[in-house]
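> So the chains spell out like this:
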Amino acid sequence: MLIAIEVGLLILVPCVAFVALWLRDLMSAVIVLGAYSFLMCLVWTGMGAVDVAFTEAAVGAGVSTVFFIAVLFNTTRNITFNPLDVSSKLVALVACLGFGYVLLQGVSDLPDWGDPYSPVNAGVSTYYIENAYADTHVPNLVTTVLADYRSVDTMLETTVVLIALLGIFMILKKDRPAQSDSSDTQAHDSLIIRLSARFIAPFIQLFGLYVVAHGHHSPGGGFQGGVILGTGLILMAMSMGMASAKRLLSIPRMIILAAVGVLIYAGWGAVPLVYNGYFLDYSVWESVFGSMARSHSMLIVEIGVALTVMCGMYGIYMSLVSDGGMQEGL
Amino acid sequence: MMGLFLVAALVLLAFMGLLLYRIVVGPTVIDRLLAVNVIGTKSIVILIIMGILFDRVAMFIDIALAYGLLNFIASLAAAKYFRKHKKIHHVSTMPAEVSHDH
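Line by line, the protein sequences give chains V and S. Quick note: the first sequence uses the working numbering, first residue 453, plus one each step. Quick note: the second sequence uses the working numbering, first residue 1352, plus one each step.
Same shape as in the complex, but just chain V (with noise of 0.2 Å):
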């Protein structure tokens, strides 16, 4: 019944990509690119998937195009194009079809979809599916996953984020700190939205506490959580101005804050080490939480990967809007 909508999606991604793609305009190509990431979250709501529907709801819709416009601030909109630089493009055309060809090779290797005999139906998802609840008593099998089976997996992609962050922190700092007072700079900004982000930002920044602490039980939990509480704090910064998001949350404290978050994730799993357990294995706790020690333990560990992605969505948001200088932006 769902491969109608289906069908639809599949004539419209591939349209709106290719949009994306001609419009010389790059502000252009970018607000195409958000329309392209609505499209792909309803592909992986007809998939069933709908933890990664959920990020692609959380990071494409606000965060990306954000960054995306706080980049094209800074920079310049326009693709100059000269007619006469043929051997770059002949080099690049050439290095895209060369690799797009082992990509396919490689694609022709991969199990079909949904293969039930394909390496990873056949042996791990199995045991999974059916004793993921009745081993950590967590009704959403992607969180168990996530969090539990493959948690040193988790606990390097939050790593990752930190480490964008600070890549991204480093590269563009500016070592004068500007004199100039941005105190005033948006105070001219309108009062409709000034009054409707001081309204709405509370809700958001509630809801994201929901997501990370109810990610057990329906879609969502630490990664997509942070991304909407760390939209939250850009909300306020694009509205109220950076010095009033300083206030609420400052450039030292943001780094120390995402370093905490891989530090609790890290701190969370090392502790059975000194107990006779192995790295990240939860049901150390058991003493403490008695059966739920496994489920508790996840909802410790995305407080974690809440923390630093939050942190990590915001600061990667304030440096790219000012140049670095973390005085003034949009």
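Hints were generated in silico from the structure; no laboratory data involved. Worth double-checking, as some hints may not be accurate.
Computed footprint of chain S on chain V; a stretch qualifies when at least three of its residues, placed anywhere within it, have a C-beta under 8 Å from a C-beta of chain S [claimed, not checked]: (1) 472–481; (2) 615–626; (3) 679–690.
None of these values were measured; they are calculated from a predicted model. Just so it is clear, CB atoms sit at the ideal spot from N, CA and C, and this is done for glycine as well.
Could you slot chain S onto chain V? The hints should help.
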């Protein structure tokens, strides 16, 4: 009843196709922004309809809420961009048809 929802989703998808025309032709970037915003609103409705078709609406409400809360932030960023880059906006939108040709 399910057939009704399916038809509703397909009609909304067809309307998205119509909006694609505005995205392709749209003389200014503002037209495209508006079209993308309408696509976002339609996505929320289709998401809920898919939830009904899957018979798991409760799971899809969260995603739709995230969309609803975050949808306008990109538009706000674009609006603030144009407040400061007015000049570029005027230059690049007036010869919009020309700019595609080179």
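> According to a criterion of three or more residues whose C-beta lies within less than 8 Å of a C-beta of chain S, is the segment 615–626 of chain V covered?
Our answer is that it is violated, as 0 residues pass the Cβ test (under 8 Å) against chain S, missing three.
> Can the segment 472–481 of chain V be counted as covered by chain S under the rule of three residues or more with Cβ-Cβ separation shorter than 8 Å?
This one holds; 6 residues, not fewer than the three required, reach chain S with a Cβ under 8 Å.
> Verify this for me: three or more residues of the segment 679–690 of chain V with a beta carbon less than 8 Å from a beta carbon of chain S.
Satisfied; 5 residues make the cut.
In summary, the one numbered hint that this structure violates is 2.
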